[in-house]
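Could you put the whole structure together from the sequences, leaning on the hints where they help?
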Amino acid sequence: MKGWMYILLCSDGSYYTGSTNNLELRLAQHQRGEGANNTKKRLPVKLLYFEEYDRIDLAFYREKQVQGWSRRKKEALINGTPELLPQLAIAYRDLRSEADL
Numbered sequence: 001m002k003g004w005m006y007i008l009l010c011s012d013g014s015y016y017t018g019s020t021n022n023l024e025l026r027l028a029q030h031q032r033g034e035g036a037n038n039t040k041k042r043l044p045v046k047l048l049y050f051e052e053y054d055r056i057d058l059a060f061y062r063e064k065q066v067q068g069w070s071r072r073k074k075e076a077l078i079n080g081t082p083e084l085l086p087q088l089a090i091a092y093r094d095l096r097s098e099a100d101l
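Just so you know, we're using the UniProt record's numbering here: the sequence shown kicks off at 1 and counts up by one.
Misleading hints may appear alongside valid ones.
Unchecked claim - Listed next, with one range per pair, are the computed distances between beta-carbon atoms:
#1 Gln29 x Gln87: 30 to 40 angstroms
#2 Gln87 x Gln31: 19 to 29 angstroms
#3 Ile90 x Gln31: 35 to 45 angstroms
#4 Lys46 x Ser70: 30 to 40 angstroms
#5 Gly80 x Asp54: 16 to 26 angstroms
#6 Glu34 x Gln87: 15 to 25 angstroms
Treat the hints as calculated values from the structure; they're not laboratory data.
For glycine and all other residues, C-beta sits at the position ideal for the given N, C-alpha and C.
Put into structure tokens, the structure is as follows:
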């Protein structure tokens with residue numbers, strides 16, 4: 001069964017990351033307030049990004065991965081700039097200033 005991982009933009013500017021086996025139906029559910037509590041309070045929502053997978057479990061795994069990302073990292077994915085992802089994955093504490101080198 002196919003699956004999708006998706007990112008929504010909520011009315012308050014926040015992002016919601018989810019997964020489903022029927023993207024069209026799930027988006028309609030979100031818009032009707034039948035989705036997650038998070039989106040229910042932040043209507044309307046807009047689909048910004050999605051990935052299709054051959055299996056729903058892979059989409060669910062990807063959802064959990066992306067949910068843990070920073071806003072900037074999600075925006076790199078949404079904006080089609082995956083080359084920025086490795087740099088955005090570096091923890092702030094691991095970054096060094098020029099003076100430290």
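Evaluation of the provided hints:
no.: 1; hint: Gln29 x Gln87: 30 to 40 angstroms; verdict: holds (36 angstroms)
no.: 2; hint: Gln87 x Gln31: 19 to 29 angstroms; verdict: violated (35 angstroms)
no.: 3; hint: Ile90 x Gln31: 35 to 45 angstroms; verdict: holds (36 angstroms)
no.: 4; hint: Lys46 x Ser70: 30 to 40 angstroms; verdict: violated (20 angstroms)
no.: 5; hint: Gly80 x Asp54: 16 to 26 angstroms; verdict: holds (22 angstroms)
no.: 6; hint: Glu34 x Gln87: 15 to 25 angstroms; verdict: violated (38 angstroms)
Violated hints, in rising order: 2, 4 and 6; the structure is consistent with all others.
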